[in-house]
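These protein sequence lines are chains B and S, in that order.
Here the first sequence is numbered in the numbering used here, starting from 9 and rising by one per residue.
Here the second sequence is numbered in the numbering used here, starting from 9 and rising by one per residue.
In short, the hints are calculated from the structure, not lab data.
Keep in mind that the hints are not guaranteed to be accurate.
Copies of the same chain are indistinguishable here, so a pair counts whether it falls within one copy or spans any two.
Unchecked claim - Below, a list of computed lysine-lysine pairs in the DSS-like style, where the Cα atoms sit at most 27 Å apart:
(1) LYS220 / LYS276
(2) LYS173 / LYS133
(3) LYS133 / LYS220
(4) LYS268 / LYS173
(5) LYS276 / LYS173
(6) LYS220 / LYS268
2 protein chains.
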Amino acid sequence: MVYIAVDLGGTNIRVARCNAEGQILARVGYPTRAEEGVEAVIARIIHAIQEVWPADEPVEAMGVGVPGPLDPHTGVVLTAPNLGWENVPLADRLRDQFHVPCFVGNDANLAALGEWQYGAGRGHKHMVYLTISTGIGGGVITHGVLLEGAHGLGAELGHIVVEAKEGPRCGCGQIGCLEAVASGTAIARMAQEAWARGDPVPWPDPSGVTAKDVAEAAARGDPIAGAIMDRAAFYLGVGIATFWHIFNPTLIILGGGVMKAGDWFLEKIRTYARERAMTLAYVTPIVRTALGDHVGLLGALAYARMRCAQGSPA
Amino acid sequence: MVYIAVDLGGTNIRVARCNAEGQILARVGYPTRAEEGVEAVIARIIHAIQEVWPADEPVEAMGVGVPGPLDPHTGVVLTAPNLGWENVPLADRLRDQFHVPCFVGNDANLAALGEWQYGAGRGHKHMVYLTISTGIGGGVITHGVLLEGAHGLGAELGHIVVEAKEGPRCGCGQIGCLEAVASGTAIARMAQEAWARGDPVPWPDPSGVTAKDVAEAAARGDPIAGAIMDRAAFYLGVGIATFWHIFNPTLIILGGGVMKAGDWFLEKIRTYARERAMTLAYVTPIVRTALGDHVGLLGALAYARMRCAQGSPA
Numbered sequence: 009m010v011y012i013a014v015d016l017g018g019t020n021i022r023v024a025r026c027n028a029e030g031q032i033l034a035r036v037g038y039p040t041r042a043e044e045g046v047e048a049v050i051a052r053i054i055h056a057i058q059e060v061w062p063a064d065e066p067v068e069a070m071g072v073g074v075p076g077p078l079d080p081h082t083g084v085v086l087t088a089p090n091l092g093w094e095n096v097p098l099a100d101r102l103r104d105q106f107h108v109p110c111f112v113g114n115d116a117n118l119a120a121l122g123e124w125q126y127g128a129g130r131g132h133k134h135m136v137y138l139t140i141s142t143g144i145g146g147g148v149i150t151h152g153v154l155l156e157g158a159h160g161l162g163a164e165l166g167h168i169v170v171e172a173k174e175g176p177r178c179g180c181g182q183i184g185c186l187e188a189v190a191s192g193t194a195i196a197r198m199a200q201e202a203w204a205r206g207d208p209v210p211w212p213d214p215s216g217v218t219a220k221d222v223a224e225a226a227a228r229g230d231p232i233a234g235a236i237m238d239r240a241a242f243y244l245g246v247g248i249a250t251f252w253h254i255f256n257p258t259l260i261i262l263g264g265g266v267m268k269a270g271d272w273f274l275e276k277i278r279t280y281a282r283e284r285a286m287t288l289a290y291v292t293p294i295v296r297t298a299l300g301d302h303v304g305l306l307g308a309l310a311y312a313r314m315r316c317a318q319g320s321p322a
Numbered sequence: 009m010v011y012i013a014v015d016l017g018g019t020n021i022r023v024a025r026c027n028a029e030g031q032i033l034a035r036v037g038y039p040t041r042a043e044e045g046v047e048a049v050i051a052r053i054i055h056a057i058q059e060v061w062p063a064d065e066p067v068e069a070m071g072v073g074v075p076g077p078l079d080p081h082t083g084v085v086l087t088a089p090n091l092g093w094e095n096v097p098l099a100d101r102l103r104d105q106f107h108v109p110c111f112v113g114n115d116a117n118l119a120a121l122g123e124w125q126y127g128a129g130r131g132h133k134h135m136v137y138l139t140i141s142t143g144i145g146g147g148v149i150t151h152g153v154l155l156e157g158a159h160g161l162g163a164e165l166g167h168i169v170v171e172a173k174e175g176p177r178c179g180c181g182q183i184g185c186l187e188a189v190a191s192g193t194a195i196a197r198m199a200q201e202a203w204a205r206g207d208p209v210p211w212p213d214p215s216g217v218t219a220k221d222v223a224e225a226a227a228r229g230d231p232i233a234g235a236i237m238d239r240a241a242f243y244l245g246v247g248i249a250t251f252w253h254i255f256n257p258t259l260i261i262l263g264g265g266v267m268k269a270g271d272w273f274l275e276k277i278r279t280y281a282r283e284r285a286m287t288l289a290y291v292t293p294i295v296r297t298a299l300g301d302h303v304g305l306l307g308a309l310a311y312a313r314m315r316c317a318q319g320s321p322a
C-alpha cells in the first residue's frame, strides 16, 4: 500500500510516494513561487504528484502539510500568510484530480506526528514537539492522540503567553507570546535592539542580522550575542516547563532552524527548563528531531495513515 | 448498577452512592480532621462508605478524588499537602476493604470530568475547566479524552508561566505561575501589598484579608480592591487565551471560591480573554460550573465509570 505525501511550504513544495513503513520510494521538489498565485501553486503540486504517482499500484490516500490555519475536517486552508492563500479548498481540489482520499493538516502538527511514528518520538504516547524558526510552531501527542482541537486550531504552542504585561508584541498581534521572545525573528529583533541601545554589537550592519548570525557570534564567545541567545533559551525553558505541567509528557522534541545553533544552546534550554519545573517528576528528556528535512513528508504520510485509520470523511 | 463516589478534601470528606445517570442516592459527609493522621482519615472514609453501601445491589466500582499528585495507575497518593499525606496506597486500602475496583484521581481532573458528563460541559469533546480558589487547579477534555498525562501529573493549568521574569513567587516554588497572580491567595497578597505601599485600603487589618473581602470591597466600588480584582481577571483572561491557543476547545468552565465574586468579575475575565485571543476563531463561551458543591462527588463517579469502561487494571 502506498501513500502520497505533500509538504507545502512558503519556499518549497516537496512531494513523495511512501509506503506505510515510512520509506520514501520517490521524491520530487520544486520552488513554491507563491507570488504566481493559488492556481499556479496548485498546478505545480498536481504536476509533482503525477511525477511520483505509482505505475501499477493503488494509492491509499494523500496527506498534505500546510503552513497556516485550516479546517482538517473539510481540508480548506483558511489563511496561509506565507502563501497569500485564503479559503482554498485544497483537499477537494486534489481529490477531484486524483480520486483518492486527501487529508490536509497543519504542518507543525504533522511534523509532531511524523516524529511520533517514524522519528525521535517512537513509543511515546505523550510527547511535545516544538519547531523554532521564523516563528514557533508546535504539535502535541497526548494519550496517543494528535491534539488538533475542536476546529483544528490547537497546539499553537508558540502563542502561549509568557510575558503578559510587558512582553514584546508578537507577529500574531498579541503581547508576550513565546514566539515573540524566543523565535528566530525575536532573536534578530533583540540584536537590532542591542545595536539601537548602543551596545558594541559584533555585526557591521545590524539591520540585516539573522538568528543564525547571532548564534554564530554567541558560539564565538561574543557576550552580547551570548546574552541574546541566553534570553531565548530561558524563554524556551520556561515554555517547556509549562508544557511539562500541562501535558506531563515523556519526551520533548525540538526542531527548526534556530536549533541548528550548537549543543551549548540545547544544553542551556535543558537547564532553564529543569529549573522551572515544579518538581523533578515532570522533567523528561529534551531531544532534537530525528527526521531532519524529511519531517514534513513523513508527517504528511503519518497524517494520511492516521486519518484513514480513523475512517474520517475524506 | 451503582457506584461509590468519594470526595476527599482538606476540610471535608463527602461520600455518596450514585447511579450511572449521575443521581446521588445516598450521601454522608464528615470533617476530614487530617491532623489525626492517615489511619484516622482512612478509617473515616471506610466508615462513610459503609454508611452509603447498598443493602441489596452490587457496587460496580469506587471513584475517589484527592487533592494532590497521585499515580492514577496504582492509586497511590504521592503527596497531599492539605492532608499531610505521602505515598499512601489509598486505592489498595479501599479495595482490600470492599473488594470492588477502586480508582483514585486528581480532584480538579475529576471535577472537569464531572462537568463534562453531568454538568455544563455535556456534549463538548474539547473543554477546559479551571477552579480558582486558594490555588488554581485545572482539568482538560481534549478529543473526548481526560488529559492526565503519562504519569497522572498533567493539566496543572495553575502552573503555566505568565510572568516569566518578574512575576511573584508561586506556592509551588516557581516564579510567575498563573496561580501566583490570579488565585485567592494572590488576591489576598495583593491586598497586603497595597497596604504595605500605604494605599488607602478599605480593610482595618489587612493581615487577615481574604479574596472574598477584596471581591466584596470591589463590588462596593472601592478603587483599590477594584484594581486588584481587575489584575486577577486580566491574568485569568491571559491564561484562558493561552488555553484557547493550545486546546482549541469549545467551552471554558470556571469554578472555585473566587468565582463567587459577582458577574462583573466573570465579565471582566471574558473581556480580557477575548482581547488576548489570536483571532476570534478561538473565542468560545466562558461559563460557570453547573454542578456546584456536587462537582467532587459527580467527578468521582464519572472517573470510576470512565476507568471501568477503559478496562484499566483496578
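Taking the hints in turn, this is what the structure says about them:
Taking identical chains as interchangeable, the C-alpha atoms of LYS220 and LYS276 lie at most 27 Å apart only when both belong to the same chain, with a minimum of 17 Å there against 42 Å between chains. In this assembly of identical chains, the alpha carbons of LYS173 and LYS133 never lie at most 27 Å apart, being 35 Å within a copy and 32 Å across copies at closest. For the identical chains of this complex, LYS133 and LYS220 are neighbours neither inside a copy (33 Å) nor across copies (42 Å), given an alpha-carbon limit of 27 Å. For the identical chains of this complex, LYS268 and LYS173 are inter-copy neighbours only, at 26 Å across copies versus 31 Å inside a copy, given an alpha-carbon limit of 27 Å.
Within a single copy, LYS276 and LYS173 get their C-alpha atoms as close as 25 Å, and across copies as close as 16 Å, so both meet the 27 Å cut-off. Taking the shortest alpha-carbon separations for LYS220 and LYS268, only the intra-copy value of 8 Å comes in at or below 27 Å, while the best inter-copy value is 51 Å.
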